[in-house]
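Protein chains: 4
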Amino acid sequence: MSATTRFVLTLSCINRPGIVAAVATCLFAAGGDIREAQQFDDPETGKFFARIAFDLLDQNTVEALRFELSGIAARFGMAWRLNDHGAPRRVLLLVSKFDHCLVDLLYRWRIGELAMTPVAIVSNHGAEHFVEGEFGKIPFHHFPVTKETKAAQEQKIWALVQETGAELVVLARYMQVLSDDLAGKLAGSCINIHHSFLPGFKGAKPYHQAHGRGVKLIGATAHYVTAALDEGPIIEQDVERITHADTPEDLVRKGRDIERRVLARAVRYHLEDRVILNGGKTVVFTN
Amino acid sequence: MSATTRFVLTLSCINRPGIVAAVATCLFAAGGDIREAQQFDDPETGKFFARIAFDLLDQNTVEALRFELSGIAARFGMAWRLNDHGAPRRVLLLVSKFDHCLVDLLYRWRIGELAMTPVAIVSNHGAEHFVEGEFGKIPFHHFPVTKETKAAQEQKIWALVQETGAELVVLARYMQVLSDDLAGKLAGSCINIHHSFLPGFKGAKPYHQAHGRGVKLIGATAHYVTAALDEGPIIEQDVERITHADTPEDLVRKGRDIERRVLARAVRYHLEDRVILNGGKTVVFTN
Amino acid sequence: MSATTRFVLTLSCINRPGIVAAVATCLFAAGGDIREAQQFDDPETGKFFARIAFDLLDQNTVEALRFELSGIAARFGMAWRLNDHGAPRRVLLLVSKFDHCLVDLLYRWRIGELAMTPVAIVSNHGAEHFVEGEFGKIPFHHFPVTKETKAAQEQKIWALVQETGAELVVLARYMQVLSDDLAGKLAGSCINIHHSFLPGFKGAKPYHQAHGRGVKLIGATAHYVTAALDEGPIIEQDVERITHADTPEDLVRKGRDIERRVLARAVRYHLEDRVILNGGKTVVFTN
Amino acid sequence: MSATTRFVLTLSCINRPGIVAAVATCLFAAGGDIREAQQFDDPETGKFFARIAFDLLDQNTVEALRFELSGIAARFGMAWRLNDHGAPRRVLLLVSKFDHCLVDLLYRWRIGELAMTPVAIVSNHGAEHFVEGEFGKIPFHHFPVTKETKAAQEQKIWALVQETGAELVVLARYMQVLSDDLAGKLAGSCINIHHSFLPGFKGAKPYHQAHGRGVKLIGATAHYVTAALDEGPIIEQDVERITHADTPEDLVRKGRDIERRVLARAVRYHLEDRVILNGGKTVVFTN
Numbered sequence: 001m002s003a004t005t006r007f008v009l010t011l012s013c014i015n016r017p018g019i020v021a022a023v024a025t026c027l028f029a030a031g032g033d034i035r036e037a038q039q040f041d042d043p044e045t046g047k048f049f050a051r052i053a054f055d056l057l058d059q060n061t062v063e064a065l066r067f068e069l070s071g072i073a074a075r076f077g078m079a080w081r082l083n084d085h086g087a088p089r090r091v092l093l094l095v096s097k098f099d100h101c102l103v104d105l106l107y108r109w110r111i112g113e114l115a116m117t118p119v120a121i122v123s124n125h126g127a128e129h130f131v132e133g134e135f136g137k138i139p140f141h142h143f144p145v146t147k148e149t150k151a152a153q154e155q156k157i158w159a160l161v162q163e164t165g166a167e168l169v170v171l172a173r174y175m176q177v178l179s180d181d182l183a184g185k186l187a188g189s190c191i192n193i194h195h196s197f198l199p200g201f202k203g204a205k206p207y208h209q210a211h212g213r214g215v216k217l218i219g220a221t222a223h224y225v226t227a228a229l230d231e232g233p234i235i236e237q238d239v240e241r242i243t244h245a246d247t248p249e250d251l252v253r254k255g256r257d258i259e260r261r262v263l264a265r266a267v268r269y270h271l272e273d274r275v276i277l278n279g280g281k282t283v284v285f286t287n
Numbered sequence: 001m002s003a004t005t006r007f008v009l010t011l012s013c014i015n016r017p018g019i020v021a022a023v024a025t026c027l028f029a030a031g032g033d034i035r036e037a038q039q040f041d042d043p044e045t046g047k048f049f050a051r052i053a054f055d056l057l058d059q060n061t062v063e064a065l066r067f068e069l070s071g072i073a074a075r076f077g078m079a080w081r082l083n084d085h086g087a088p089r090r091v092l093l094l095v096s097k098f099d100h101c102l103v104d105l106l107y108r109w110r111i112g113e114l115a116m117t118p119v120a121i122v123s124n125h126g127a128e129h130f131v132e133g134e135f136g137k138i139p140f141h142h143f144p145v146t147k148e149t150k151a152a153q154e155q156k157i158w159a160l161v162q163e164t165g166a167e168l169v170v171l172a173r174y175m176q177v178l179s180d181d182l183a184g185k186l187a188g189s190c191i192n193i194h195h196s197f198l199p200g201f202k203g204a205k206p207y208h209q210a211h212g213r214g215v216k217l218i219g220a221t222a223h224y225v226t227a228a229l230d231e232g233p234i235i236e237q238d239v240e241r242i243t244h245a246d247t248p249e250d251l252v253r254k255g256r257d258i259e260r261r262v263l264a265r266a267v268r269y270h271l272e273d274r275v276i277l278n279g280g281k282t283v284v285f286t287n
Numbered sequence: 001m002s003a004t005t006r007f008v009l010t011l012s013c014i015n016r017p018g019i020v021a022a023v024a025t026c027l028f029a030a031g032g033d034i035r036e037a038q039q040f041d042d043p044e045t046g047k048f049f050a051r052i053a054f055d056l057l058d059q060n061t062v063e064a065l066r067f068e069l070s071g072i073a074a075r076f077g078m079a080w081r082l083n084d085h086g087a088p089r090r091v092l093l094l095v096s097k098f099d100h101c102l103v104d105l106l107y108r109w110r111i112g113e114l115a116m117t118p119v120a121i122v123s124n125h126g127a128e129h130f131v132e133g134e135f136g137k138i139p140f141h142h143f144p145v146t147k148e149t150k151a152a153q154e155q156k157i158w159a160l161v162q163e164t165g166a167e168l169v170v171l172a173r174y175m176q177v178l179s180d181d182l183a184g185k186l187a188g189s190c191i192n193i194h195h196s197f198l199p200g201f202k203g204a205k206p207y208h209q210a211h212g213r214g215v216k217l218i219g220a221t222a223h224y225v226t227a228a229l230d231e232g233p234i235i236e237q238d239v240e241r242i243t244h245a246d247t248p249e250d251l252v253r254k255g256r257d258i259e260r261r262v263l264a265r266a267v268r269y270h271l272e273d274r275v276i277l278n279g280g281k282t283v284v285f286t287n
Numbered sequence: 001m002s003a004t005t006r007f008v009l010t011l012s013c014i015n016r017p018g019i020v021a022a023v024a025t026c027l028f029a030a031g032g033d034i035r036e037a038q039q040f041d042d043p044e045t046g047k048f049f050a051r052i053a054f055d056l057l058d059q060n061t062v063e064a065l066r067f068e069l070s071g072i073a074a075r076f077g078m079a080w081r082l083n084d085h086g087a088p089r090r091v092l093l094l095v096s097k098f099d100h101c102l103v104d105l106l107y108r109w110r111i112g113e114l115a116m117t118p119v120a121i122v123s124n125h126g127a128e129h130f131v132e133g134e135f136g137k138i139p140f141h142h143f144p145v146t147k148e149t150k151a152a153q154e155q156k157i158w159a160l161v162q163e164t165g166a167e168l169v170v171l172a173r174y175m176q177v178l179s180d181d182l183a184g185k186l187a188g189s190c191i192n193i194h195h196s197f198l199p200g201f202k203g204a205k206p207y208h209q210a211h212g213r214g215v216k217l218i219g220a221t222a223h224y225v226t227a228a229l230d231e232g233p234i235i236e237q238d239v240e241r242i243t244h245a246d247t248p249e250d251l252v253r254k255g256r257d258i259e260r261r262v263l264a265r266a267v268r269y270h271l272e273d274r275v276i277l278n279g280g281k282t283v284v285f286t287n
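Chains as they are written, first to last, in this note's numbering: chain A, 1 to 287; chain B, 1 to 287; chain C, 1 to 287; chain D, 1 to 287.
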């Protein structure tokens, strides 16, 4: 049996004439019907990026198409991925005490906004910090951490990633800095929400820093985790207006709203294959 | 002699597999190097829209390419345009008394932000309403209008469009309703700024209406002119936050800022071939 | 025993010289220390509105102050309220099937963002439409409704308002139009979220209307309920940018984010005595 | 002869009970009718700030009122100003080559949006860099500057401030760092537009820095000038959304729009006595 299925092809390579023609011809020959296509040519690096969503009448032909595409990819030196559109990815969620981002992601998942399967929730704080039953049937793991146990704790996280087959790790206000080792292992598949507008206020208590400086806007930044904390490729940012009358506590409150919507957008973009890394930056094909 | 030149191809047709492959192959064969490409498949109407910016090493080959494209266009039943990117279009500007949009457009033109050549300024009010020398060397025409003379006045506008070879008419706060006849002649090539957020407040004094209703945001709408005033395809909209403390005069002041930036964006999108009509709506390929 | 306590005084009356002097002198004499004060003089209606937050060292003096204020109120013909700042109000929450606003309000309550006590949740749909345990220990009532049973169902709602002592009713995506009778009983103490930017798209499926019209921004409106549906005094509005590529479903998704943040802001403003009715409009003293 | 005139009183002092009562009683006794009043109590510094706009039926009584207020000010240790609302201030405008902020301010002045009298325009570049007649009858001064002549050039600027009686100096994209000496002389009366979102990108070419970092929003900051460049008290900020597809040139273009509206707002707030300094921050009583 066969039915129309949508796939998403993302690719990047050094730009040269003929890429679009080759790929489009290949998809056409395979019976693919292109539904969305976006591309970007970076004039600085000379790199080409594309995201193409297409329907296949007979999904059994996808392996043949994959073979054809691998030939084109070899010819152009492409990095590429071909995914089922809407197939849920396995996601591991890390949190410390503040659960507004986590609760928001889980709600969006529950109503079908995010194509993911939460495989586990990990916190460095115990279950008693969270509302009973809040996480439903998702396994919860308490992995406490101290300076001394950090390496061992990260080992447990990494083991859990492998056991659960997690394809994405989301730091939903997880207030621990990942080691360079773990950050490296998760490169390109770990999203953090930085509770401030980067590069404005790095370090601890950014909203208090912002208040002290008297800025008129505060923001949040979602980015891929890299070895250098808070400095990974930015996926999404947003801000809200504040005034002199806002206390640091008001900023923290407004910040929660910005953080959860920025993180949710970034996770959705990732799950829908809308983000491609471009060195220390990202290409984000939003809709 | 030849040098790299950028062209913009826009096209629309009923969607079916193979369009992208055909066009991309054609451009590749002609030596075209695609720099930007955006497409949209409207699931409601089944129509396909695309904007492709590409470089040609030898601009003398463009006529041959045009011939090839016309063949593809015939095959797929495409509406299409192929324009030099950045070549200035001839623009006729209409204004009544409030000149904030006009002054803004002229400033942007002067510093190179808008690829246009203002061929004339027309007002139904006399030159004495404007600051002397404000329009530089652009011909200014005073075409007064009354109910009785409306047909004749529009005849003069239309004659001016033809004489000047204007490709675009911008109603930069021109407070006269165009007749169905003139609106029809200018279909798809006349942009109006409606000083309100449509469909919120139609009719006269929209900011006063908004004030009376106690809304918390006001906006402006740039749209193509059609026979049904204020109801043409929307190109761009924006809003600003207001409070109970804003008087109608404050709203008019804030409105000026919204109007001029919304109109300027819409005009830029048009001049860069970023807007394609889709029935009563638009497809806008922004950057 | 006594300790510093914060109170909020709100007042409105026909404006005439001396109001601020009288009130400020009275508060000073009572040992009140003004911490926040905002006022608005409506030049159209000649009405004066103020919100004053002040600390009392000895909260036992509040009754004496109340007596003094009632004298001033009589002199100036003031409507006024004096409330403990931060004292939770009893709130009844109504919902139909979509629970994103409800879940959001409850989360904000749980983490201390909203000074309220949810006394009951009422839905015209059964508990099986919601996630088990989602509402914790808050009583849930299923009050089904048909055209024939509407009067009786509203009678049950009104009885519940009285039993629970609810001071505020929030329609958190409750998709039933209240009768003029119930709307009248709840005047000034019932907040609705209209899932569209008013006055843009009234009626059913506003996001589909917006999509059909091709607008570039969508929004939501929180307002007090009055007899004329969707036309009560507006408390808060917000918008998000959309494009031609957004489907009606995308608009519904984006709409959820706007709706919940607009409703949450409006409820917070109400709970903190920041909203005063001004005829068919509101005065909102935000922070 | 007498007629209703509006005045604006701004004041700041260490907070203690009775300030509002004393001031309001004084204004009432003088026949003042309060039209707008905003106050802020800074819980961190314990300072009190207020802006009160009031009408006087007989403007001849203002000197008597001034005398009474000076008594209250002495009692509470207040810094205060009492200004005619809407009386134009003398403003000196400095610019380098990019004139978008300057042209915008002059347009707003011309149509009555800004209550100012531009007394002179100074540039470190010659008149030939600007459009002939652009500045109308406002005197233009070319004060070239090099490292060696900087002190002398600033001496000329300061002399011009004194000659013209300028009450405000606006750096409308004046790309020279003022010396600590001149910045000190102009403390609290010199507004700069920093063409970036502070504290994000200080230093040269901030839009290129932002592009290199891959941020998703860019902004601008208007602030009072202090000895430490780009670090003075912030008056206003705003941002716009950007994408990976925006070139540094696109950012510069979008930046122009943000810069001119942020600077215009800051200048208006200053001219309407809406800004009060609070150490290294500002209190801004917007409308």
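These aren't lab readings, by the way, just hints derived from the structure by calculation. Heads up, some of the hints might be wrong.
All copies of an identical chain are treated as equivalent in the list; a pair is satisfied when it fits inside any one copy or across any two copies.
In silico DSSO-like cross-links for lysine-lysine, where the CA-CA straight-line distance does not exceed 27 Å [said to hold, decoys possible]: (1) LYS137 <-> LYS147; (2) LYS205 <-> LYS47; (3) LYS281 <-> LYS202; (4) LYS156 <-> LYS137; (5) LYS47 <-> LYS254; (6) LYS137 <-> LYS281.
We went through each hint and held it up to the structure:
no., hint, verdict
1, LYS137 <-> LYS147, "neither (31 Å within a copy, 39 Å between copies)"
2, LYS205 <-> LYS47, "between (38 Å within a copy, 24 Å between copies)"
3, LYS281 <-> LYS202, "both (18 Å within a copy, 20 Å between copies)"
4, LYS156 <-> LYS137, "within (21 Å within a copy, 36 Å between copies)"
5, LYS47 <-> LYS254, "between (38 Å within a copy, 24 Å between copies)"
6, LYS137 <-> LYS281, "neither (36 Å within a copy, 46 Å between copies)"
Consistency note: the structure conflicts with the earlier hints numbered 1, 6.
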